[in-house]
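> All chains, full assembly: derive it from the sequences and hints.
There are 2 protein chains.
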Amino acid sequence: MLYRSCFHSNLKNIIRNNEVFRKYSVIAAVLEKPNVGNVTEIKGWVKNLRKQKDLIFADISDGSCAKKLQIVIPKNLTTDSLTYGSSVHVTGKLSKSPRGQLELVADGVKVLGTCVVLDGFPFNPRTIHPPEYTRQYLHLRSRTNYTSAILRIRSAVTKHIYDYFAANNYTNVHTPILTSNDCEGAGEVFKIQPDNEETVKAMMQEGKDRDSVYFGSKTFLTVSGQLHLEAVCRGMGNVYTFGPTFRAENSRSRLHLSEFYMLEAELAFCETLDQLQGAIEDLLKYVFIATRNTNEADLFLIDKENKAPSWVTKEFVTLTYDEARQILQKKGSALTDEGINKEQELTLVEHCGGVPVFVVKWPKDMKSFYMKESTEDSTKVDALDLLTPITGEVVGGSLREDNYEKLKSKLPSERLNWYLELRKFGNIPTGGYGLGLERLLQVLCNVNNIKDTLPFPRWPHNCDM
Amino acid sequence: MLYRSCFHSNLKNIIRNNEVFRKYSVIAAVLEKPNVGNVTEIKGWVKNLRKQKDLIFADISDGSCAKKLQIVIPKNLTTDSLTYGSSVHVTGKLSKSPRGQLELVADGVKVLGTCVVLDGFPFNPRTIHPPEYTRQYLHLRSRTNYTSAILRIRSAVTKHIYDYFAANNYTNVHTPILTSNDCEGAGEVFKIQPDNEETVKAMMQEGKDRDSVYFGSKTFLTVSGQLHLEAVCRGMGNVYTFGPTFRAENSRSRLHLSEFYMLEAELAFCETLDQLQGAIEDLLKYVFIATRNTNEADLFLIDKENKAPSWVTKEFVTLTYDEARQILQKKGSALTDEGINKEQELTLVEHCGGVPVFVVKWPKDMKSFYMKESTEDSTKVDALDLLTPITGEVVGGSLREDNYEKLKSKLPSERLNWYLELRKFGNIPTGGYGLGLERLLQVLCNVNNIKDTLPFPRWPHNCDM
Chain B
0 MLYRSCFHSN LKNIIRNNEV FRKYSVIAAV LEKPNVGNVT EIKGWVKNLR
50 KQKDLIFADI SDGSCAKKLQ IVIPKNLTTD SLTYGSSVHV TGKLSKSPRG
100 QLELVADGVK VLGTCVVLDG FPFNPRTIHP PEYTRQYLHL RSRTNYTSAI
150 LRIRSAVTKH IYDYFAANNY TNVHTPILTS NDCEGAGEVF KIQPDNEETV
200 KAMMQEGKDR DSVYFGSKTF LTVSGQLHLE AVCRGMGNVY TFGPTFRAEN
250 SRSRLHLSEF YMLEAELAFC ETLDQLQGAI EDLLKYVFIA TRNTNEADLF
300 LIDKENKAPS WVTKEFVTLT YDEARQILQK KGSALTDEGI NKEQELTLVE
350 HCGGVPVFVV KWPKDMKSFY MKESTEDSTK VDALDLLTPI TGEVVGGSLR
400 EDNYEKLKSK LPSERLNWYL ELRKFGNIPT GGYGLGLERL LQVLCNVNNI
450 KDTLPFPRWP HNCDM
Chain P
0 MLYRSCFHSN LKNIIRNNEV FRKYSVIAAV LEKPNVGNVT EIKGWVKNLR
50 KQKDLIFADI SDGSCAKKLQ IVIPKNLTTD SLTYGSSVHV TGKLSKSPRG
100 QLELVADGVK VLGTCVVLDG FPFNPRTIHP PEYTRQYLHL RSRTNYTSAI
150 LRIRSAVTKH IYDYFAANNY TNVHTPILTS NDCEGAGEVF KIQPDNEETV
200 KAMMQEGKDR DSVYFGSKTF LTVSGQLHLE AVCRGMGNVY TFGPTFRAEN
250 SRSRLHLSEF YMLEAELAFC ETLDQLQGAI EDLLKYVFIA TRNTNEADLF
300 LIDKENKAPS WVTKEFVTLT YDEARQILQK KGSALTDEGI NKEQELTLVE
350 HCGGVPVFVV KWPKDMKSFY MKESTEDSTK VDALDLLTPI TGEVVGGSLR
400 EDNYEKLKSK LPSERLNWYL ELRKFGNIPT GGYGLGLERL LQVLCNVNNI
450 KDTLPFPRWP HNCDM
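Going down the list, the sequences are from chains B and P. The first sequence finishes on residue 464 if you use numbering that gives the first Met the number 0, and the numbering steps up by one all the way, no holes. The second sequence finishes on residue 464 if you use numbering that gives the first Met the number 0, and the numbering steps up by one all the way, no holes.
Note that these hints are calculated values from the structure, not bench results. A portion of the hints provided could be inaccurate.
Identical chains blur together in the list; that is why a pair holds if it fits in one copy or across any two.
Each computed SDA-like pair below joins lysine to any residue, with the alpha-carbon atoms no more than 20 Å apart [as the list claims (entries may be wrong)]:
(1) LYS67 to GLU102
(2) LYS217 to ASN195
(3) LYS217 to ASN461
(4) LYS341 to ARG251
(5) LYS423 to LEU117
(6) LYS190 to ASN461
(7) LYS190 to PRO459
(8) LYS190 to ASP210
(9) LYS217 to ARG246
(10) LYS109 to GLU270
(11) LYS190 to ARG246
(12) LYS313 to ASP281
(13) LYS66 to THR39
(14) LYS423 to PHE120
(15) LYS32 to ARG98
(16) LYS200 to PRO459
(17) LYS190 to ARG209
(18) LYS67 to ASN426
(19) LYS217 to ASP463
(20) LYS366 to LYS409
(21) LYS407 to VAL115
(22) LYS423 to LEU81
(23) LYS22 to GLU270
(24) LYS217 to PRO459
Put into structure tokens, the structure is as follows:
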């Protein structure tokens, strides 16, 4: 592997080639720069076996990429333990098959770990197991093509996100998971306690209950790092956070999880929704195109029909909330005080030709206290939702109320005085957004159920492993 | 900003220059490629003011880098609200001062947010506030040089870690925070519950208590993603996870937090401690050197004496546990059954000339059930701790027991049958390690107290914001 770094060139001498530690080659590297004629060692799992008279052909995957490497094994080198699912160490010479395909002609095959399907291995060769089936075997499902492809894409998307923000001078901020801010009832939250009774007893203070014994106040799992980001933004400029977020809702839909990854960015000196929309649109197009470049074969493994959506070269649509209401009304679908429901979100995207739609300028009563009142209409806030095919909303964002007095009048609790105080000293206008990684992956990979976009999904009554 | 991407060149056309959204330049970009004579707009905070007869000199920081940009302001352009801590929008022309320093000669200065120190702003110009003081103002301390420098370094280290693993073909895996695995009593854990009583009532089932009403079993915050990583490793090869981890210990030392970031990697087909040590040493040296290249000015802001440690070009020392015991015994410091304490760790590092020390081959009884029994001595396991100056242990790791029967005999609970089953089908030898990000930052930045290495530290009785 070449080290693809953008740092000073002297670093290349420091980075030892990890193959020194490995003493074998990963298949992604072999396929990237095939050296036909080279003696090569690979390690991986048997995905497929085809037996001929004197030869056995095996497709080996080591998880490093979507593609398998074909191994040609003389029959005298094989044993009965060389089966589908077994792990192997193969040495041989890289060659081209008569059809021009790269293959490894083995001169040594060692089975490292056997796999007897009849002993309870839940997967079968040449079988596409439906996601609902593999989801029952969370500890083994990364051995299937479908799950391993999604996990590689998830890893790549994560890397693209870090690359994008680094290139654009954002600072990555690790906002906390544990917080004394319960989101003011805006979302359902989990609370935490030490599990050990001894610890609870040792830390108990008069007037404190079990919920506040450890930290001195009731403590929750974060539902958003936004307020913390806003604090750091007012010293460091553009910032983002990317990590786990929690909802204690009793919701089992194909779009909800109890634990999910959220990307949140806060843009310093952001004064208009237009600037915020530009930043979101830019990020999304970047991630989609970069991932198609790096993981085309994985996308194909998941969905042979998966094509780059037409909208990556188009401008996203912008509708005001009032315009969206009128469009839906004409289609006989009235909005309630709850806002736009999932079906209506998807209707709006379809109405706009399948291109993502920003819905902007929302009624103030529907949105959070920190959103900035629109200058032209005090019943509205400068908020946005971005709607896409498959999932509907994937991004929510707003300009933040930067007027000290207006914010003070809307502050839901004294415990947020620190948040108000951010506006008192060297205040700046900011805006920001939150993007759900799993929903983005649903759109990118055309995956119907959100539970298949992450390795260990958690939802009500399900927290295996 | 040039987009420093390693992807296909056609991406450069897709990435719009974010300055389009910003309509101003970040100082890091201005300093990277100074265009003397150019009309330039910047936005940031006043860090310093020097008044002369007809001119005012202001140092402006926007948080994008350690360096400030000097602004030269004709007196007629300034107002009383231009004070230390205020936020400003400055337009002007980039010039060189008589001394050759880059400066912005202002033709427009707008104060965006005032800052009246006497109104309660806790920081003063030209003052180095001690970390214990700024820690009282978590929401404002990113406005200080010290904290902002550490946060930029933390962000850079995070990026270097992602770059390193991507370049070496590891897949990033988001292991879960919520888990039904309580780590078998190995560490003190937090448990979670929904906070909302209505949710609890609606989800209550017969025979379930409050702790298990939501997920169907008692659920904890993770203390390690290792077991989950091992599952994914057996389908995808080399994997890593990097995120928040929790300990419900009642510990208030300068080295402990209740929430901290841990990097954990699992190496497929890893058969020797030597391979594992090589991978750890390589990563650490890479991160140290890369960070010194990208954040030299930040390191200097924190500690003017900060020098690259001599060990980045040396091989790390390896001692067996027995050798370490003998060395300490000669120094009159006997080991107990608890292992090596903090003071002893630091003594060992000093004994080895300040170079990081791997202590390997630990007594089996001191270590976890999943660690691999040493082939040459069944009373030992193939485990390692890496000790460094300042913090002592920063990395712990081991080869994993890959023998099905041996692991079965040591398995602490039937609930881990899934973990045992990983060894049943296509098993491979693996090894892995966990690295504490905050301790790494302490070593890198020479920071005594771990609470100053992250934006929002959580420790007993402290979970502000």
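> If a hint holds in the structure, say so; if it does not, say that too.
Right, here's what the structure says about each hint:
no.	hint	verdict
1	LYS67 to GLU102	within (10 Å within a copy, 57 Å between copies)
2	LYS217 to ASN195	both (17 Å within a copy, 13 Å between copies)
3	LYS217 to ASN461	between (25 Å within a copy, 11 Å between copies)
4	LYS341 to ARG251	within (14 Å within a copy, 47 Å between copies)
5	LYS423 to LEU117	between (69 Å within a copy, 12 Å between copies)
6	LYS190 to ASN461	both (18 Å within a copy, 16 Å between copies)
7	LYS190 to PRO459	both (16 Å within a copy, 16 Å between copies)
8	LYS190 to ASP210	both (8 Å within a copy, 11 Å between copies)
9	LYS217 to ARG246	both (17 Å within a copy, 17 Å between copies)
10	LYS109 to GLU270	between (63 Å within a copy, 15 Å between copies)
11	LYS190 to ARG246	both (11 Å within a copy, 15 Å between copies)
12	LYS313 to ASP281	within (11 Å within a copy, 44 Å between copies)
13	LYS66 to THR39	within (17 Å within a copy, 49 Å between copies)
14	LYS423 to PHE120	between (62 Å within a copy, 9 Å between copies)
15	LYS32 to ARG98	within (19 Å within a copy, 52 Å between copies)
16	LYS200 to PRO459	between (31 Å within a copy, 14 Å between copies)
17	LYS190 to ARG209	both (11 Å within a copy, 12 Å between copies)
18	LYS67 to ASN426	between (55 Å within a copy, 19 Å between copies)
19	LYS217 to ASP463	between (27 Å within a copy, 11 Å between copies)
20	LYS366 to LYS409	within (12 Å within a copy, 54 Å between copies)
21	LYS407 to VAL115	between (66 Å within a copy, 18 Å between copies)
22	LYS423 to LEU81	between (70 Å within a copy, 15 Å between copies)
23	LYS22 to GLU270	between (55 Å within a copy, 11 Å between copies)
24	LYS217 to PRO459	between (23 Å within a copy, 12 Å between copies)
Hint compliance for this structure: every hint is met.
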